[in-house]
Structures are given as structure tokens and as C-alpha cells.
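Participant: Listed in order, the protein sequences are those of chains A and B. Note that numbering that gives the first Met the number 0 has the first sequence beginning at 0, numbered continuously upward. Note that numbering that gives the first Met the number 0 has the second sequence beginning at 0, numbered continuously upward.
Calculated directly from the structure, the hints in this document are not laboratory data. Treat the numbers as computed from the prediction; the structure is a model and nothing was measured. Relax, there's no trap hidden among the hints.
The list treats identical chains as one, so a pair stands whether inside a single copy or across any two.
Simulated pairs of lysine-lysine, DSSO-like, Cα-Cα distance not exceeding 27 Å: (1) Lys1 - Lys82; (2) Lys100 - Lys146; (3) Lys55 - Lys167; (4) Lys167 - Lys225.
2 protein chains.
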Amino acid sequence: MKQMMIASTSTVHGSGYLSYLLDTLSSFFKDTGAILFIPYARPGGISHDDYTQIAKDAFSQIGKEVKGIHEFDNPKGALKQAKGIFVGGGNTFVLVNQLYKNDLIGTLQEVIQNGTPYLGTSAGSNICGLTINTTNDMPIVYPPSFKVLAMVPFNINPHYLDPDPGSKHMGETRETRIQEFHAYNSPPVIGLREGSWLEVKGDSIVLRGELDARIFKYHTTPYEVKTGTDLSGLK
Amino acid sequence: MKQMMIASTSTVHGSGYLSYLLDTLSSFFKDTGAILFIPYARPGGISHDDYTQIAKDAFSQIGKEVKGIHEFDNPKGALKQAKGIFVGGGNTFVLVNQLYKNDLIGTLQEVIQNGTPYLGTSAGSNICGLTINTTNDMPIVYPPSFKVLAMVPFNINPHYLDPDPGSKHMGETRETRIQEFHAYNSPPVIGLREGSWLEVKGDSIVLRGELDARIFKYHTTPYEVKTGTDLSGLK
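Okay, chain A solo, but in the shape it has when bound (with noise of 0.2 Å):
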């Protein structure tokens, strides 16, 4: 049975790295007292090693050690073997390319699906998707292909940022962009404010946090969902 953790974000303004999801996590990874973490979104371009580091430190916070992926000689095999999965944001294009690069999508789907706790975060969420069609991230190298762990029937959009009405810049709203890619695609896209995570637990999706989520339905306006809210028939 699928358990998973999407969240939008690592890090809410003002606070430390995970701290607004420790108390959740450690409920969550009650099972285990190791993660395997996978680095290769690698925010501002540093070393997976560096990247790991602060998975570590946060995870010790909860009395959980972390080993990054990059430090086994098999990560196919790492993966199978793990008790807990975490994969970091960064850059989703990166983070895609490489996975793809390790062939490792068939067997994070086949982990997941027998029930390894997954938490992901920014980039590391927008691959629980269909696709990463809704990543907001440049796409600073080109990935064999943009499908991605379908792990829910629709698209994330992690990071989802209101329009600002006082703004100057003629660059397209988060909304108009997800507008667009319904002009092109008919998934629905969730938009995820920082703070909100979706909680699956086998075919259940349930929306937590303190915020709303975002909902974009082809062919349909937008609408706002409340926390708690279930999403398991979105389609």
C-alpha cells in the first residue's frame, strides 16, 4: 500500500529545513530509524554530498540517520533495500535527468507501490506526478523525457504562488501558466502553497496543512479545496 508524503516545500519562510514536517515525520517514518535520500535535484547546483548533509541534519532532530544514494555502488539495489525514501527539491529537470540516467523510475514506482514510506519535497513531489509539465524550475539540462512516477492521477504544481496585484512584470501569473498547459493537456494540476502536503495512503489523497490548495480542472475554473479535503477522485 502506496504511503506518501507530497509536499510543496523543504523549508517554510522563517524556519529551519523540514521543521514545520518533523512532528509529522517521525510518526511517518515510525517504521524505520534509516532513509535512503536522493540528492540529485541538487538546489543551487552543490555536491550531492553537501546536499545530503542537510538532510542528515534535520533528520537527527527525530533520531533518524540519512544515507544518500550517491554513496551506494548500486542505487538500484539501495532503493529496493530501503525502508524509507526522501527525495529532496532542487531542480526537477536535474533530478529527472538523473533518475533517468540511473534508470531508477520503474523501481521507485515498484517500491512505492509495495508500500516504502516516500516524502517528497518541491522537485522531489512535482515526480509524483504525471508528468513535470507544471514544474516551475528552468530547465537547465534536457531530460530523455518529461514523464515522470505518476504515483497520482494528475500534475503537481509545488511552490503555487497567488498573482500579485500590484505587480509591474509582464511575465505570466502561476495561474496563466497552468491555464496554458491545459491548452495542451487535459491532467488536472494541483497547485500546492508552501506549508501544504498531500497524505496518500494506498488509494487514498488527502490535502493537509494549514492552507488551501489550488485545483485546475481541464475546461473547468479554478476552485479552491480546504485542508482535509480528499482527492482521491480528481482525474
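Based on these hints, arrange chain B on the given structure of chain A.
Facilitator: Positioned in the frame of chain A, the structure of chain B alone reads:
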């Protein structure tokens, strides 16, 4: 001899479509009364016809006729016949995808090299660089490649936006995103603020408009350049 205007945006805040450029365009396109418009980037997913109408309305103010490339049975032939080309903004991935689909990349390179005046705005400017790895757009479709026209020896970031010091949003700033690009790629990037454009005449590349631009070079601290700066040495 190349003759290009590579503009950050079609529209500056509080004015009409192309308004801030019309005087310059009048002299830039002085040798032709007819402009071929490429509406493939489809801002907001609008139709090619609707988008072409917007370009028509703007160019009619300086006595130029506009025809959309989609109105021709043979788009490649239309490009070869054109005396002036305008590629409008919208979604860079959609634009590039359609250019590849219609096999127009090589033809565009050829006619620009041969001296057909080319105006690009936003997505239409992005494609003048080496790759679209530094677009701001959402990757709503998967193009066959990120490689584009390479009419200048660097990459372009249109709608360049300075960091907002008051922001509580945890998404990356534009500067951070471009610096991440340099973790995987070495070409320079020019951040073109809205209201700026590059004027290309043969091998000369000069920054025009009222604003400074920001230059990002591999392994170098980003720096500002004044309008009027010759950027032909940037590579």
C-alpha cells in the same frame, strides 16, 4: 548581414502591445511593408489567428501589413520569401516544438544569416540564443530538443527580474536559477529587463533601451552593463 532586434518583452507595463518599440520598428523594417508573423508561441493558448490579429493591429500603426505563417500552405517557402520576420512571445516550449515540427529551425537560421530583418520578443528572443535552457516558461510540451537558432553566442533570459528583498516565497530567484544553469553549462547568459533589447547588425550586438542588463558568465560574479554596451565579445 544579420539584422535583428531581440527584445525582452513585447509590452512594457501600462502601454500597448509593441508601443515602446514602434518608432524603432518603423526604421528597422523600413525596406518592407509586409511582415511575416510566427504566432506559434500562443500566449495563453490563443489561436494562431487571434494572435496574428494582435500583431496586425500593432504594425498597422506604422503602416505595415502582417500575415501569419500559419496562413501559408508552405511555411518554409513563406519564410524564404519574407522581407521581415516577427516571432512573438508566449510559451517557449510550444514555439520550439512547432518550429521543429515544421522543420523551420534551419530555414530561420539561413534567412536571418542572409539579412532578413528579424524581430523577436520574449519567447521569440529566447530562440535567438544557443538553447532554451534559460527560458522562464513552464515546460507544458516536450520539444525534440532545447537547441535553437544560435544567432548570438550566448543564452538569453528575457523578462529578467531582480530578487524581491521582501519576498517570503521560498522558490528560487531568477539569479539563483541562472547560476544553477552554470552548474551544468558554460555559455554566458544575458538577463534582459523588460524594455531592453539587443540590436544585432552583422557581428555587432548592442544593448538598447533605457535599462541596464545583467550578465552571467561561467565562474564569474554577475555584473551589470549599461545600455549602449557592445556585447559582441560576450561568448
